[in-house]
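K.L.:
Chains as they are written, first to last, in this note's numbering: chain X, 1193 to 1570; chain A, 78 to 535.
One should not assume that every hint holds.
Mimicking DSS-like on lysine-lysine, the simulated pairs with C-alpha atoms at most 25 Å apart in a straight line are [claimed, not checked]: (1) Lys433(A) <-> Lys488(A); (2) Lys1281(X) <-> Lys278(A); (3) Lys278(A) <-> Lys1420(X); (4) Lys433(A) <-> Lys1358(X); (5) Lys278(A) <-> Lys1369(X).
Quick caveat, the hints were computed from the structure, so don't treat them as lab data.
Here's the letter readout for the chains.
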Amino acid sequence: MRNLIRQALLSATWIVLAHLGATANAQGGVVFNQATGSYTITYQSDGGLSETTYIPGGQVAPSVLSAFRLMENKAVVYRYTVANGATAKQAIQIIDLDGLPNPLLGERLLNVYSRGEELVYPSEAEMDEVFAANLRAMATPLNWDSQIDRSGAPAPGIRWASDDTKGNLRWTSDYTKGNLGIAPGNKAGGFGFASMDLPGILPMKLKARGSGIVYADEGPADNDPITKQIDQLRDNDFIAKPVAVPVIAVPAPFDAAILLDRIRTQVATWPGKQLLDPAFAAQLDRSMVAAANAFRNNQSRAGREHIESLRRLLDHEHKYLDHDDEDNDDTPEHKAATRLTIDRLAARVLDFDLRFVLKRMEKEHERDHDEGDRRKER
Amino acid sequence: MNAGAQKHRIFHWLSRVLATNRGSFSRHIRLMAGLLCLVSLNALADTYPATKQYKVQVGDAIGAYLLPTTFTSFAAAGQAAWNEYQIPSFMPYAIKLDWFVDNNCQSKEEPVFSRQSQSYYQGIHAYLGYSGSTVTQCSFTFNYVFIGWECPYGGVYYDGQCVNAPPCTPPTTRNPATGKCDQETYTLTLTPESATIEPSKTYSFTATVTKQDGGAPSKPVPVSVKVEVDPTSGGHDGTHTSPRPKGSVSPADGTNSFPITFGSTEVSGIHTITATCDECTNGPQTATVYVKISGLSEIPASPFYVLEEADPNRPGKTKPIGATDNHKNNHYATQTARTQLFMLAFKYYKAINPGKRLYINDASLTWGGLMDDDGNWAPPHSAHRLGDAIDIRADSVNKKDGEIPLSLFAKVQDLKTAKMEPEIHCYTSTGGLVMAKAANPAACNGLNRGRHFHVIFR
């Protein structure tokens, strides 16, 4: 299953690149050179036909291990170990994790807003605080840099400079300190962060720096079709790997039925990512619906039983799913007992989310019990 | 309604009217009905309000001895020979009779008729003035009898209108109130009065000549169109080459009503379209076209980047970096670009090259559009048109303050976000083909027009 997923992602990337590579004509174009693995970009410039070379950064062979653990404060700590296969042609130097819906634990947002035509920027002190906080919010290995690109959330009366509220995380190797990235055959750990959101699965994008396009003039015009092709080329220049990321917000006040609905929504995206067999997905979904309905009808015990049965379904597919710090690979023993209906990472993520629901329900139950005792004492 | 249907409707109406009012209508109605039958309704032309015809009668007056009891005596008043008085239909009028009489209410002179409001005079007594100091009330009643409709300028009556009147002979036009054929007068309009478009785009205006009734002229009225451009508009100053290119209008002339397509150049600025019609009563009409990229504002000052440098031509003064006599304001950008530049500069200042500020070169002109570096209304610098690209000084052959060192190029490029992407550009002296090998960032070295970061903001 994992190999299939990897192959599918690799294929998708190279299909895009190959497609772009086929579009050269007299007005300009992008041509892929099989021998060098680079692209020759020809475009109309002010002085005539110009040419530049783009060396893609996606010639890496990454694998990523996700670890996630629930802390006492109900935050979830996420950690990633990135390895670069020995067959890679480039070192992994840039790691992107895009589309995180909510701020990380400790992340601060910048208050840049507009007042009419005038943009109101934060003070330098505030900027310092925000950037320092955001550096702390991301775990970053030695000699790597990190950044959070998030424009902030809309607020009443304030028009933000951008409506992009999703967070994009990036780690880059600091070559000025001698770190040239994760070389082929090597691996590095220590990438991570904490979040109050439960894990789902999104792609992590990994690549080498590649070239960064250098134009010996102003480059192609904005409205030149080549510009769009180049943008696509660069936008798709990475290798994607599924990782566990915080995408499921825990409702406050806690509501098991709503949380289960959100987990269902996330799981529903997995068949499309080839992480989950559609038939098995339907089976899981039925149980999740039953559990959510039970909690909605104040039948906590029934809800818990549905969740336990869900976990048994997962356990039947992959063993030791509750070992949260384990890597994504099944042991040979596990593999022998696996029917490959669900990717192991997906099974681990779902099991984690379901256990979270159970734990919270237990605590809710204990709290209710304690309050009852206190009332009796009074 | 088409002519056939109208014809059918008129005949139907006439036959109904004649059947129900045969006894009370005058011979004029019957005459008109007869005429209607003779007129071809297939050639309907002008329409105007019909005129009502009334006959004034006086009778049953108190003191009737003053007046002849027969109506025909009014013929002596010099009105219609058979005692009719034509009254326009837009208001039913009665006839006021001013008749100077003596103390015995005897006639001193001939009666004078004048039109008066029916509502006031109908059915009440009229008072006759006396020419002397004594007023004697000589009362009598009068009334009027509607006898039919008249179409004094041709056509036939239908439903309060005179239809199928022969068209006025050009260059005359039907007066909608009186029905008379007046000499045509023309008015020229050019719409809309103004428009804002982006460079290299087109916009459609309309020139329209109308005659006094709002309709189209009965003959082709020529209109000519031209366009001019404000030579210093759009952020272009100084000593550009002449002439400045201006937008086009097509067609340059036409008649009556026709669309005019304005095509702008790549250069932002104010254009004025002028339409002229020599036969029109009003003067030339103008429309203003603002060719611009909307939403650009000046990059604000920041502690993390530098916008100004010493002006070599004015000792002790500063100017925006990259500004020239031809383009004094080159630091305009979109809101996104301004915000993202602020972030980029902060990161550079704090993390990439601590304590060092970015030196901001060209962004866009006040209204965007072509930034003709050489003041010749032509590229290069074609990418600085939309306010979404800003140049930043970087290591180059001609050393300047604040350049980003070559060793930090990749770190600056690492700061790429979904909304901001730093590229590296350099110029050739000839504009010819140059291979800029990415693996060799020094490829731009040796080119005399400088290497720089060209940051694109989305």
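K.L.:
Check each numbered hint against the structure and report the violated ones by number, ascending.
P.N.:
2, 4 and 5
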